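Taking the hints into account, I'd like the entire structure generated from these sequences.
What follows is the residue order along each chain.
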Amino acid sequence: MENKKNIIELKNITVRFGDNDTVLDNINLSIGDGEFVTLLGASGCGKTTTLRLIAGFLEPTEGEVFFDSKNMSGVPPYKREVNTIFQRYALFPHLNVFENIAFGLRVKKVKEKEIVEKVQSMLELVNLKGFEKRQVGNLSGGQQQRVAIARALINDPKVLLLDEPLAALDLKLRKDMQNELKALHDRTGITFIFVTHDQEEALSMSDTIVVMADGKIQQIGTPTDIYNEPVNAFVADFIGESNILDGIMVADYKAKFAGHTFECLDKGFEPNEPVDIVVRPEDVDIVPVEKGMLKGTVTSVTFKGVHYEIIVDIQGFKWMIQTTDYCAPDSVIGLFIEPDAIHVMKKSIYSGLIGDYSSYSEEFDELSIVDEDEKEETIEEAKEV
Amino acid sequence: MKKRSFLDTFAAIPHIVWVILFIIAPLVFVVFFAFTDTYGNFTFDNISMLSSYAHIFVLSICFALIATVICLLIGYPLAFFISQCKPSTQKVIIVLLMLPMWISLLIRTYSLMALLDNGGLLNSLFEVIGIGRVKMIGTSGAVILGMVYDFLPYMVLPIYTSISKLDPKLLEAASDLGCSNFKTITKVVLPLSAPGVVSGITMVFVPSISTFYISQKLGGGSFDLIGDTIERQFQNVSTYNVGAAISLVMMILILISVAIMNKFSDDGGEIIV
Amino acid sequence: MKTLSRIYTWIIFILLYAPIIILILFSFNDAGTLNKFTGISFKWYVELFRDQAALNALRNSLVLAVSSSLLATVIGTLAAFGINKMRSKFLRGVIRSLTNIPMMNPDIVTGVSMMLLFVAAMAVPFSPLKKLGFTTMLISHTTFNIPYVILSVLPRFKQMDIHLTEAALDLGCPPGRTFMKVELPLVLPGVISGLMLGFTLSLDDFVISHFVSSPDFQTLPLYVYNQTAHEVKYSMYALCALMVFVILVLLLLVNFAGKKGEETKPKKSSAKKRRQQMRELLSGKENAQ
Numbered sequence: 001m002e003n004k005k006n007i008i009e010l011k012n013i014t015v016r017f018g019d020n021d022t023v024l025d026n027i028n029l030s031i032g033d034g035e036f037v038t039l040l041g042a043s044g045c046g047k048t049t050t051l052r053l054i055a056g057f058l059e060p061t062e063g064e065v066f067f068d069s070k071n072m073s074g075v076p077p078y079k080r081e082v083n084t085i086f087q088r089y090a091l092f093p094h095l096n097v098f099e100n101i102a103f104g105l106r107v108k109k110v111k112e113k114e115i116v117e118k119v120q121s122m123l124e125l126v127n128l129k130g131f132e133k134r135q136v137g138n139l140s141g142g143q144q145q146r147v148a149i150a151r152a153l154i155n156d157p158k159v160l161l162l163d164e165p166l167a168a169l170d171l172k173l174r175k176d177m178q179n180e181l182k183a184l185h186d187r188t189g190i191t192f193i194f195v196t197h198d199q200e201e202a203l204s205m206s207d208t209i210v211v212m213a214d215g216k217i218q219q220i221g222t223p224t225d226i227y228n229e230p231v232n233a234f235v236a237d238f239i240g241e242s243n244i245l246d247g248i249m250v251a252d253y254k255a256k257f258a259g260h261t262f263e264c265l266d267k268g269f270e271p272n273e274p275v276d277i278v279v280r281p282e283d284v285d286i287v288p289v290e291k292g293m294l295k296g297t298v299t300s301v302t303f304k305g306v307h308y309e310i311i312v313d314i315q316g317f318k319w320m321i322q323t324t325d326y327c328a329p330d331s332v333i334g335l336f337i338e339p340d341a342i343h344v345m346k347k348s349i350y351s352g353l354i355g356d357y358s359s360y361s362e363e364f365d366e367l368s369i370v371d372e373d374e375k376e377e378t379i380e381e382a383k384e385v
Numbered sequence: 001m002k003k004r005s006f007l008d009t010f011a012a013i014p015h016i017v018w019v020i021l022f023i024i025a026p027l028v029f030v031v032f033f034a035f036t037d038t039y040g041n042f043t044f045d046n047i048s049m050l051s052s053y054a055h056i057f058v059l060s061i062c063f064a065l066i067a068t069v070i071c072l073l074i075g076y077p078l079a080f081f082i083s084q085c086k087p088s089t090q091k092v093i094i095v096l097l098m099l100p101m102w103i104s105l106l107i108r109t110y111s112l113m114a115l116l117d118n119g120g121l122l123n124s125l126f127e128v129i130g131i132g133r134v135k136m137i138g139t140s141g142a143v144i145l146g147m148v149y150d151f152l153p154y155m156v157l158p159i160y161t162s163i164s165k166l167d168p169k170l171l172e173a174a175s176d177l178g179c180s181n182f183k184t185i186t187k188v189v190l191p192l193s194a195p196g197v198v199s200g201i202t203m204v205f206v207p208s209i210s211t212f213y214i215s216q217k218l219g220g221g222s223f224d225l226i227g228d229t230i231e232r233q234f235q236n237v238s239t240y241n242v243g244a245a246i247s248l249v250m251m252i253l254i255l256i257s258v259a260i261m262n263k264f265s266d267d268g269g270e271i272i273v
Numbered sequence: 001m002k003t004l005s006r007i008y009t010w011i012i013f014i015l016l017y018a019p020i021i022i023l024i025l026f027s028f029n030d031a032g033t034l035n036k037f038t039g040i041s042f043k044w045y046v047e048l049f050r051d052q053a054a055l056n057a058l059r060n061s062l063v064l065a066v067s068s069s070l071l072a073t074v075i076g077t078l079a080a081f082g083i084n085k086m087r088s089k090f091l092r093g094v095i096r097s098l099t100n101i102p103m104m105n106p107d108i109v110t111g112v113s114m115m116l117l118f119v120a121a122m123a124v125p126f127s128p129l130k131k132l133g134f135t136t137m138l139i140s141h142t143t144f145n146i147p148y149v150i151l152s153v154l155p156r157f158k159q160m161d162i163h164l165t166e167a168a169l170d171l172g173c174p175p176g177r178t179f180m181k182v183e184l185p186l187v188l189p190g191v192i193s194g195l196m197l198g199f200t201l202s203l204d205d206f207v208i209s210h211f212v213s214s215p216d217f218q219t220l221p222l223y224v225y226n227q228t229a230h231e232v233k234y235s236m237y238a239l240c241a242l243m244v245f246v247i248l249v250l251l252l253l254v255n256f257a258g259k260k261g262e263e264t265k266p267k268k269s270s271a272k273k274r275r276q277q278m279r280e281l282l283s284g285k286e287n288a289q
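Residue numbers (the numbering used here), protein chains in the order written: chain H, 1 to 385; chain L, 1 to 273; chain D, 1 to 289.
The set of hints was computed from the structure by calculation and includes no laboratory data. For clarity, every value in this text was computed on a predicted model and none was experimentally measured. Ideal placement from N, C-alpha and C gives every residue a C-beta, glycine not left out. There could be a bad hint or two in this list.
Pairwise CB distance ranges, derived in the manner of DEER restraints [claimed, not checked]:
| # | chain 1 | residue 1 | chain 2 | residue 2 | range |
| --- | --- | --- | --- | --- | --- |
| 1 | D | GLN52 | L | LYS135 | 32 to 40 Å |
| 2 | L | VAL69 | D | ALA31 | 33 to 41 Å |
| 3 | H | ASP176 | L | GLY178 | 56 to 64 Å |
As structure tokens, this is what we get:
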């Protein structure tokens with residue numbers, strides 16, 4: 001991947017709606033040819049705006065978009081070699097499946113015979129053979145999704161932009177489509193730029209993840225990098241579950257937090273520099289109290305199938321721990337943390353805002369995601385008006 | 001910024017040009033003619049002359065008001081009854097109510113004239129019963145009847161729309177709280193349908209006050225309403241300016257009354273009903 | 001109570017329809033009088049079709065209705081598209097309320113104001129406008145048709161998923177062709193009902209035409225008016241009956257066009273849609289006088 005040239009480059013991109021509503025703040029991003037890149041972030045972080053910049057629906061207030069080293073400013077969407085899969089597919093309701101897929105070729109005035117051939121091979125590619133004459137309104141969500149993919153891919157785009165394409169599907173279908181999209185990417189070799197707020201989706205599909213928040217890029221990296229080495233509290237919290245604590249880097253390889261000094265693998269900080277410490281819930285071992293580095297009281301236990309999720313109160317800070325051992329609520333347990341389970345991060349504006357599980361509630365979490373999703377749409381629409 | 005294509009930017013331009021040339025400019029000319037004499041010199045004469053037409057304004061307003069009140073008295077119960085029917089029946093009745101609105105008012109007035117005529121069907125019916133011929137064309141009653149007949153659907157439809165939008169649970173709640181049927185209507189339905197009543201009144205009053213055809217055909221020429229007066233001024237080039245002045249005053253009058261009506265419906269419509 | 005209200009409703013409707021039905025019936029009256037029905041005859045219709053002036057008026061009416069509704073549909077549809085894309089809420093509001101002036105104003109004021117404009121335009125030296133006639137009628141009818149076209153097309157543009165336009169652009173379709181290939185087909189039901197509405201209104205209009213026409217370009221309503229001003233020709237009743245019939249057929253067509261569009265938007269309940277349609281028709285006809 002590394003030796004390939006960059007197909008898309010965003011340089012110093014800033015997007016403002018109105019005078020002081022900054023949606024993207026000095027974004028720099030290079031995307032290599034053939035990569036599967038995911039823009040990941042909560043609603044309103046600017047990921048959809050970034051996608052619309054690349055597609056050409058928006059012009060940046062400052063900065064430039066380069067495509068194959070060519071400056072794209074002023075190039076309208078219909079002259080760009082990128083195609084988009086829209087969130088709700090945006091299939092043309094007045095055309096049937098065949099005509100939807102053939103749309104791009106018809107615009108280019110391709111010969112009828114060639115159109116028929118290409119549409120047939122596309123239908124095969126997305127497993128929709130025999131659906132040519134169907135009206136798009138009568139298709140299921142998954143089938144509409146496939147039509148949308150075929151309609152985009154038939155134009156041989158260099159880059160495929162996918163705007164939360166799986167958000168409208170139910171869980172089971174979403175998993176299937178994740179695999180299919182991944183396979184499609186491998187087969188076609190086209191660059192995919194995928195927008196999602198679902199961290200699991202991002203981790204399982206991408207070559208590169210771009211974590212965004214508040215109109216800024218927080219971190220760019222492979223899924224493992226992002227998970228194991230988050231640069232700040234926001235990324236650590238957004239990707240997977242994590243306990244984020246205030247700590248002090250006493251010296252290289254020595255971090256002090258939760259009233260205890262731990263061995264760790266990090267170095268290069270000032271002596272006694274305040275830092276954020278990340279400990280993933282699955283990396284904490286439960287041991288008898290006397291053998292523990294820390295001890296705490298179990299406040300709640302939830303059975304999750306593969307493991308138990310327990311919340312442990314240690315000096316007022318609520319830890320989340322995932323373990324296969326059952327612990328009774330209100331029991332006192334000891335915790336043991338290996339040096340490689342500790343990840344040290346520099347302080348950032350997100351320090352102290354997140355990381356405690358004292359007000360943790362799953363249902364609430366999921367509800368708010370759906371809610372914010374809708375909100376983002378309306379906010380963005382409102383801004384564009 | 002979101003990109004806009006050439007088409008996005010300029011699609012409305014022909015329309016905007018049309019609006020300026022053929023909607024705004026004509027109104028400017030009404031004002032211009034109202035304040036000039038036949039030679040194009042500025043003058044207030046046309047406006048000050050209007051005092052001699054005061055009785056026409058008064059008569060027109062009276063006729064229009066009476067017609068509006070009658071339409072309201074007939075139309076409100078009708079709208080209420082329709083809203084109480086089965087949904088399928090309601091659909092049919094509403095279509096039946098709208099059909100006459102689409103038939104040219106000229107023809108509907110004409111048909112009423114044929115019916116009321118001295119040699120018409122109604123009078124020959126009267127003769128058979130033994131009442132004898134009654135002169136109807138040319139009476140103020142015929143003119144008002146014409147207005148009511150022509151514009152009644154405009155009163156019923158908006159009222160029906162606002163009543164049918166009421167939540168049926170409201171009516172249940174009202175009777176649950178001990179309102180009798182009659183009380184439910186006066187305390188709940190009437191106030192809540194006020195916006196419909198307001199637009200109904202507007203929609204009857206405005207065409208009634210500006211009509212000239214009804215008064216000519218059914219009034220037999222014995223009544224001069226604002227519409228007739230305006231129409232007559234425009235038959236002769238020398239009186240265009242007076243006609244423009246009358247039109248302008250009528251337009252302002254209507255604007256004011258519509259504004260007042262809308263104000264009433266904003267502050268809760270009890271005042272009207 | 002129930003029976004009473006039913007009787008009341010029946011009476012009102014009978015009174016509402018009686019004059020029209022009697023008019024239609026008596027247009028077949030052999031005797032040619034309004035007080036006694038002596039037998040069915042088509043002779044008044046025959047006479048009507050021998051009346052060259054009436055046929056001319058019919059032709060004029062049709063030419064005018066077709067051309068003014070087409071012109072209004074083109075301008076109005078483009079305008080609805082443009083208004084929908086406008087960024088400034090203020091500008092949108094101003095244009096919409098200015099557009100609605102002919103709908104709010106009494107027809108007589110609209111007619112008079114247009115007449116004054118034309119009179120002034122004719123007074124200008126070397127003016128292309130020489131006299132009242134087809135041109136002035138066309139302009140006036142187009143003017144009062146445009147708001148109704150916008151009224152029936154704009155909601156369609158508003159309901160359209162904005163991503164459909166973007167999808168077409170994204171697939172390489174320039175804006176002009178996107179309009180023809182995607183946007184126009186999707187708003188077509190609204191365009192057609194706007195066109196029909198305009199056609200009907202133009203055919204129906206008397207008051208505005210009365211002020212901007214000349215004797216050498218007469219439409220049917222004008223012809224009826226002028227005929228009844230003097231001695232009433234009995235064939236006029238046949239003409240009126242015919243016009244009622246034509247309007248009824250047109251209305252059915254408009255309804256049909258509206259119904260077809262309904263299927264593409266299953267979201268809206270039919271009752272809601274019906275009410276909205278009614279409101280549209282209502283505001284559409286509120287100034288027929």
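message: Does the beta carbon distance between ASP176 of chain H and GLY178 of chain L stay inside 56 to 64 Å, or does it fall outside?
response: Holds - the Cβ-Cβ distance for ASP176 of chain H and GLY178 of chain L, about 60 Å, lies within 56 to 64 Å.
Range hint compliance [Cβ, VAL69 of chain L to ALA31 of chain D, 33 to 41 Å]: holds (40 Å)
field: Status of the given 32 to 40 Å range, CB of LYS135 of chain L versus CB of GLN52 of chain D
entry: Because 37 Å falls inside the window, the suggested range holds.
No hint from the list above goes unmet by this structure.
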